[in-house]
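S.K.: Listed in order, the protein sequences are those of chains A and B.
Start counting the first sequence at 1; every next residue gets the next number (my numbering).
Start counting the second sequence at 1; every next residue gets the next number (my numbering).
Derived from the structure by calculation, the hints contain no laboratory data.
Honestly, I wouldn't trust all of these hints.
Stated by the list, open to error - Derived BS3-like pairs (lysine-lysine); straight-line CA-CA distance at most 30 Å:
id : chain 1 : residue 1 : chain 2 : residue 2
1  : A       : K253      : A       : K207
2  : A       : K49       : A       : K107
3  : B       : K82       : A       : K232
4  : B       : K196      : A       : K253
5  : B       : K128      : A       : K232
6  : A       : K232      : B       : K196
7  : A       : K232      : B       : K230
Claimed, not checked - So these bits of chain A aren't anywhere near chain B, every CB distance computed over 12 Å:
id : residue
8  : Q9
9  : V30
10 : K49
11 : G109
12 : P185
13 : I194
14 : E224
15 : L251
Just so it is clear, CB atoms sit at the ideal spot from N, CA and C, and this is done for glycine as well.
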Amino acid sequence: MNIVACIKQVPNSAHVRIDPETKALVREGVESIVNPYDMHALEAGLSLKEHYGGKVTVLTMGPPQAETALREALSCGADAAVLLSDRAFAGSDTWATTYILSLGIKKIGHFDLIICGKQAIDGDTAQVGPGLAERLNIPYVTYVRRIEFVENGAMRVQRLMDSGYDVLDLPLPALLTVVKEINEPRLPSLKAKIRAKNQQIPVYGAKELGADEKKIGLAGSFTEVTEIFAPKWDRKRLIIEGPVEEQVEALLKNIKQIRY
Amino acid sequence: MSIKIDQDKCTGCGTCLESCPYEAITLENGIARVGESCVLCGICADNCEAGAIVIERARDMAGEDLQSYRGVCIFAEQGYGKMHSVSHELLGVGRRLADDLGVELSAVLLGHNVTDMADELAAYGADKIYVIDHPGLTCYSDDAYGNVLVDVIRQYRPEIFLGGATAIGRSLIPRVATMLGVGLTADCTELSIRKKDRLLLQTRPAFGGNVMATIVCPRSRPQMATVRPKVMKKGNYTPGRKAGIIPVTPSPDRVCSRVRLVNSVKEETDLVNVAEADVIVTGGRGLKNAENFALLHELARQLGGAVGATRAAVDEGWISYAHQIGQTGKTVSPKLYIACGVSGAVQHLVGMQSSEIIVAINSDPGAPIFDVATYGIVGDLFEIIPALTKRLKELSNS
Ligand SMILES: Cc1cc2nc3c(=O)[nH]c(=O)nc-3n(C[C@H](O)[C@H](O)[C@H](O)COP(=O)(O)OP(=O)(O)OC[C@H]3O[C@@H](n4cnc5c(N)ncnc54)[C@H](O)[C@@H]3O)c2cc1C
Ligand SMILES: Nc1ncnc2c1ncn2[C@@H]1O[C@H](COP(=O)(O)O)[C@@H](O)[C@H]1O
């Protein structure tokens, strides 16, 4: 199977916050990481390859330093990596991103399966997977929590629903987005690490991809951020003090409007 | 490149350096310089007090008269003959937006043998309902549902289209937006109309809930967004309220799916579904282990509620993901929310802050959960919870 795992380098959003005084975004100690869900996408690709043979290529669109993310994926066992990078890509929203990624995938050539993470933790949109599948005109399943088997050019997967899961069959080529429950990503191996260090990573820009400049970057993006701010909570709070029994009594008195 | 620093205006204060999540800005000779890693997110421009950072944009949706789009339309999500509660919430917010714009509110209802459900949509505030009732839509599929939605939107041209940010909506709506070639804002928690240009202001959490962003789509129609469940108020319910029903017949090739549903498994839980419960008792890392969750189950049972959990507790394997509340879990808004041993990280707060009454039990008086609590109890949950459960039992017996 020829598998493409789409990975994204993101700021570790756990540490991004807005300073309540200055209203500025503070990124104190924020490092770049591979989007955690994408490590599960890669792992899903690697274990499919182990079962059914084939090749796993990791693909990313991002600034030049996104190469680090690709090398990390290579150290975990990916066979090849492709970087899509160009000043003209900057500012792409999910609509422009899926266009650029679809061109990158056409450049890679033949594929059976594309695997994305459920969502990227910077934007949390979960839009790129379905959008990319549509661009490539292939079927997709989101929120995949298990791949049951691949057989005769088709596969069976389990998709997480709001309560429970669906079992679905789909023909290849196809695209999946995966949730964390699907697997435990492996750690880099020393051997792969050494290989990854020297591996060639082709970089394609807008020209090499033959991208329409009106469809990429800011010009190709319909969503515009007009404002950012810190989440605010407004609630009158009452701290209940005293020994445990008194605290419980006081609480029950206050919430007695609730039926119990 | 379409980000520019106005050299005359830049004061070299460095705020942009601090604010850039991508570390793309440096100071050179006291003037900001934007480097390679810039993704044009615009956060620096927003933070620049001198107004020295300018981001240029262009272009409208190809050859379209944007003004010819009219009305607010929602996707009425249903499953197995039951309306999803997010549909009522979409009608609530949709009604408000439509009234602000002075336009009609419509709903699209897809499925098989669902025509009767249109009355429910009318009662919750829809003026017009497009009903596509077809055997090919019996089970949900991204393909068939997406094709049909696109056709309805192309024909009736609403200026705003909303869906729920549910497992289905987050899968379906991105495909629809891509097919239409329009912008889409995911997971909105606040929607309003900007009076001066009738644009939809779409506010959503980003960076795992640490940051709120307001987004507009001035150059494409419809303006599309998915809306987080349990955040918006439901529409006013007026039984017998009438709406125009417009049956739409899809062409057979549009109601096919490449993906086939083999079967649907409802996860067995002995508990009430957290997303729908009126009372939720949530446990965090303060619970210390899986066994201690029994304390919460007992309290929840006494209150007729469900048990929730923080991501920390789920990651520890103390309870399943179905119980996780927050940015990467479920959004809830019960009448009563009791947080036990939960610190109150923003990622958790975004999933529960619209609860009516929030009770926090935490041994650390400085825990941020107390900032959102209606009632805060500083103390040891292992003393308080059993005492509370015991007292409730006594009360219900007497
Ligand atoms: C991108 C991203 C997404 C995330 N999404 C989510 C999400 O959806 N939901 C979510 O919950 N988190 C989410 N998180 C994680 C979040 O940042 C916090 O790590 C998490 O919510 C903390 O869980 P906690 O409060 O249980 O644990 P802790 O932060 O460890 O807090 C435990 C609390 O228990 C108290 N305590 C300890 N013992 C006792 C006792 N005996 N009695 C009373 N109190 C006691 C302590 O004082 C402490 O305040 C996300 C993080 C990221 C980066
Ligand atoms: N710039 C990118 N390069 C490669 N893959 C991406 C990129 N952006 C998003 N993806 C993929 O799409 C998924 C969903 O991202 P998002 O829609 O941004 O939440 C991620 O988990 C990645 O697998």
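S.K.: Could you run down the list of hints and mark each one as holding or not?
M.R.: Comparing the hints with the structure gives:
Our distance criterion of 30 Å between C-alpha atoms is broken by K253(A) and K207(A), whose separation comes to about 70 Å. Proposed proximity of K49(A) and K107(A) is supported: the alpha carbons are some 21 Å apart, at most 30 Å. Between K82(B) and K232(A) the CA atoms are separated by roughly 35 Å; this puts the pair beyond 30 Å, and the hint is violated. A distance of roughly 48 Å separates the Cα atoms of K196(B) and K253(A); the hinted pair therefore is violated under the 30 Å criterion.
Distance check on the hinted pair: K128(B) and K232(A) sit about 36 Å apart at the alpha-carbon level, beyond 30 Å; violated. A distance of roughly 26 Å separates the Cα atoms of K232(A) and K196(B); the hinted pair therefore holds under the 30 Å criterion. Proposed proximity of K232(A) and K230(B) is supported: the alpha carbons are some 18 Å apart, at most 30 Å. At the 12 Å boundary, the C-beta of Q9(A) falls inside the reach of chain B, the nearest C-beta of that chain being 9 Å off.
A cut-off of 12 Å between C-beta atoms contradicts the statement that V30(A) is not in contact with chain B; the least separation is 7 Å. In this structure K49(A) is separated from chain B by more than 12 Å, as the shortest Cβ-Cβ distance comes to about 23 Å. For G109(A), the non-interface assignment is confirmed: its Cβ lies about 22 Å from the closest Cβ of chain B, beyond the 12 Å cut-off. For P185(A), the non-interface assignment is confirmed: its Cβ lies about 14 Å from the closest Cβ of chain B, beyond the 12 Å cut-off.
Listed as outside the interface, I194(A) is consistent with that label: its C-beta sits roughly 27 Å from the nearest C-beta of chain B, beyond the 12 Å cut-off. Distance to chain B contradicts E224(A) as a non-interface residue, since its nearest Cβ pair spans about 5 Å, not more than 12 Å. Not every CB of chain B lies more than 12 Å from the CB of L251(A), the least distance being 6 Å, so the non-interface label is violated.
Violated hints, in rising order: 1, 3, 4, 5, 8, 9, 14 and 15; the structure is consistent with all others.
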